[in-house]
Amino acid sequence: MKAKADAGNFFEDFKFGQAFRHATPRTLTEADAALNIALYGSRFAVNSSDVFARALGLPRAPFDDLLVFHVVIGKTVNDISLNAVANLGYAEFRWGVPVFPGDTLSVSSTVLGLRENSNRQSGVVWVRSVGVNQRAETVLDYVRWVMVHKRDPAAEVGAPLVPRTAASVAPADLVVPKLSMMGYDDEAAGSPYRWEDYAPGERIDHVSGVTLEDSDHMLSTRLYQNTARVHFDAHAGRNTRFVRRLAYGGHVISLARALSFNGLANGFRVAAINGGSHVGPTFGGDTIYAWSEILEKAVLPQRNDIGALRVRTIATKDHPCGDFPGKGGDGKHHPAAVLDLDYWLLMPRR
Amino acid sequence: MKAKADAGNFFEDFKFGQAFRHATPRTLTEADAALNIALYGSRFAVNSSDVFARALGLPRAPFDDLLVFHVVIGKTVNDISLNAVANLGYAEFRWGVPVFPGDTLSVSSTVLGLRENSNRQSGVVWVRSVGVNQRAETVLDYVRWVMVHKRDPAAEVGAPLVPRTAASVAPADLVVPKLSMMGYDDEAAGSPYRWEDYAPGERIDHVSGVTLEDSDHMLSTRLYQNTARVHFDAHAGRNTRFVRRLAYGGHVISLARALSFNGLANGFRVAAINGGSHVGPTFGGDTIYAWSEILEKAVLPQRNDIGALRVRTIATKDHPCGDFPGKGGDGKHHPAAVLDLDYWLLMPRR
Amino acid sequence: MKAKADAGNFFEDFKFGQAFRHATPRTLTEADAALNIALYGSRFAVNSSDVFARALGLPRAPFDDLLVFHVVIGKTVNDISLNAVANLGYAEFRWGVPVFPGDTLSVSSTVLGLRENSNRQSGVVWVRSVGVNQRAETVLDYVRWVMVHKRDPAAEVGAPLVPRTAASVAPADLVVPKLSMMGYDDEAAGSPYRWEDYAPGERIDHVSGVTLEDSDHMLSTRLYQNTARVHFDAHAGRNTRFVRRLAYGGHVISLARALSFNGLANGFRVAAINGGSHVGPTFGGDTIYAWSEILEKAVLPQRNDIGALRVRTIATKDHPCGDFPGKGGDGKHHPAAVLDLDYWLLMPRR
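Protein chains in written order, with the working numbering: chain A, 2 to 351; chain B, 2 to 351; chain C, 2 to 351.
Hint data in this document are derived by calculation from the structure and do not stem from the laboratory. Be aware that one or more of the hints could be misleading.
Since copy identity is lost for identical chains, a pair holds within one copy or between any two.
As the list claims (entries may be wrong) - In silico DSSO-like pairs for lysine-lysine, Cα to Cα no more than 27 Å straight-line:
| # | residue 1 | residue 2 |
| --- | --- | --- |
| 1 | 3 | 298 |
| 2 | 151 | 298 |
| 3 | 328 | 3 |
| 4 | 328 | 16 |
| 5 | 3 | 16 |
| 6 | 179 | 328 |
| 7 | 16 | 298 |
| 8 | 179 | 16 |
| 9 | 333 | 151 |
| 10 | 16 | 151 |
| 11 | 298 | 333 |
| 12 | 298 | 179 |
Extracted from the complex, chain A is given alone in its bound form (with noise of 0.2 Å):
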């Protein structure tokens, strides 16, 4: 009789092309909208006001678009990196149509790549997933590598096959959901800039530090339904290098986009990830804080209303980020640094 439980797919499990429809659809609901402010105290107002989002022709508010993000990356987890070492990149990471409340997310994953490391214990697999609503209309797409363990390191597996991937999304590859800027409000946004009044080069120091407690990431984790269980088991943990749990990456994407609300407050929509990494592990009792420096502006195709700006996102732990901190002359990060993301948001212009 077979084994009913699933250790999960090894490195030598994967094959090139190799398709997935990953389980447990789920409907999201208000309440992951109110567990998302919750958790992370986001302020964002088209996320949070249903008569602000209407004003801008929506039918009312959509979800925070990295909730879609945790949602959809969650569902993969089990076929993908239940085995993972460690995730390695993000990329060609775009959103699609707005989630609202009532909608139901499904993902399936392809795998676009394969190279087995020097040591053959594990090997890096590249997969493009796509997660979609009841329509079928695309919600988020992207590619993700991550770092898998062998089962068998005297596994024989097949040439390597490493993906292209874009630098960045290109602004004109941007998805603009429809509605209109003519009802934006600034004062119940919480911010006076707009789009021109941001450049280049500016840094924005997000001020605030929110400590992360096992109880909350654990919490965030599990409603995505993401199984990885380095999050969840201290016992475990306890024979790990860090000797503890270890907090889910996206917990602190997340945090530090509701910090950056003091600076980016009209920052409405994240709308894709150029690139990104988790550049030091995050435990409970960690405190996070934030700043972000604009890299580029762009303007969008058919639209004067919308413009996008390019972000990069330092998180820190335990470090306060007026002196912003980034990587040194010798090209590493600040010892402080968990989190280093490249990524476009959208934002009103005048």
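Given chain A's structure and the hints, the job is docking chains B and C onto it.
Here is chains B and C on its own, set in the frame of chain A:
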């Protein structure tokens, strides 16, 4: 003037046949479903996706059966077990109609039996409790017995009356909700294994562990409006034999159910509990693991699309279950065991 | 280029008569009601059951009055009290129309008074704040005064202007929602005691205690989009006189209200706060207890079905309230006291 605050009932306050209509009816909403996922990490598709549930002919995703358990039992605490020494057992536990967001649950109980302990400090109270929705349809019906302190050891009480309870719920008595397996999607549900694929005696290690935090079990226990003080008061807890708060036993049941997804993903409904015991106490910081044994298989009257599996799930703390820790030759549980639950699961047939 | 991140207003930034329209309108949903139960364990039937609420003529269960308080006050923090030294007092606190899931709250404030402290390091700011729903109906109106740091002690400020505030809200000014007590179900509500059963001077020990966790108070405070840094940043907290994070005082108010169910279960609506003070700080790990004294009873104009009870609730930490710990002969609070709140409750009459 009569004291307004309630100290709960003591053993001598209960009378045979006494009826309670418990306080605080509760309208359950989508938020209870989301919190159930956030608190336990449950991944059963029928409770997670309206699209999946509608394909079975349900109006939308029903609540997790154990959430219904928690809400119903929570309402009985203030009248029945506020002064309990221990929760001794469950029997004839049978779920009725499914519960959906918007339903309002009310609970009543009747005293079925009473027996003073020989030390006269306490006694055992048997109650039958019934939870109903706003249409007076039964959602859950069960017998529970608890040991309750006497206010005054010298108080005279009546002759013992011990009710008979069934050793198990007969398969023919299980309530099968109105639904069809025609649209059951195994891939979305996360498992290729149906009723036919399981055999009595089969054992399944559910692999993962989840560390319980005090904040988590208090959130859930309050959500169910369960007022048992031992779960909330660390100050008073310092003077107990455990020197701290005790987690609500139902929290561990839900964690074990969520863990059991890995191996029993198509067990879409808990239809009955035959018996169960909280073998050991659990506290914040404990890591819960679980394994299951298939005890029995049963066909259901007039249903060839759904079968019943009688399952025994044992949860442990700080002890992974790859060695299937059960009762030893001496009839005693493994020292790591915290829960031993015998229940009926419904599962689609081929 | 102007710094985009907001450091909040300092004492010298406030002007008499200055008006603020606070950021981030918020649509409250069923999830806020469920989280209110999960965070505090509230059991008041009118806020828990749509069936119970409809029997009173309400469209469905309204939100807990204190949840409305938290959301309204939370929105004012960023403009008013981000640089506060202390929250000094509340007055003329009056609830208006009930708030239901789907309502969107917005908040504005006006500066009523200003007085620099003699040391010139800080000053007291009085504001009147008004929360309204999407139909511009008032849901809460109050005066709060806070001590706020000066950015520059040498900054010149205007002459002191100290507003008069009422010592209490007159019973005739209490807003009674449109509802009828005809269908009020005492048994479902959990208490046989109505307005007639209480007498001035009566004291009620609410018995139970609840231990506050850092994770809990941060979840609630973020849910209200309250950005006061002292509640979230354990890293910065290490360098304060408390050496840690401070729990949001409103969290303790809601815990005390939930505990007060045991003795005041039919006090179905908090109609006004006459005054209150956070007598001592609370931290993760503290166990909160509460007791109440009936200060006064009042009939309401043109309502013979509802009466008002003026109640004083005192909450303590790590000290059960069976000894009714109040102010000593020296006028000082008991050392365990953390909250002293004077408010009007509405309760059905016979």
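Checklist entry - Where does the structure disagree with the numbered hints, that is, which hint numbers, in rising order? => result 2, 4, 6, 7, 8 and 9
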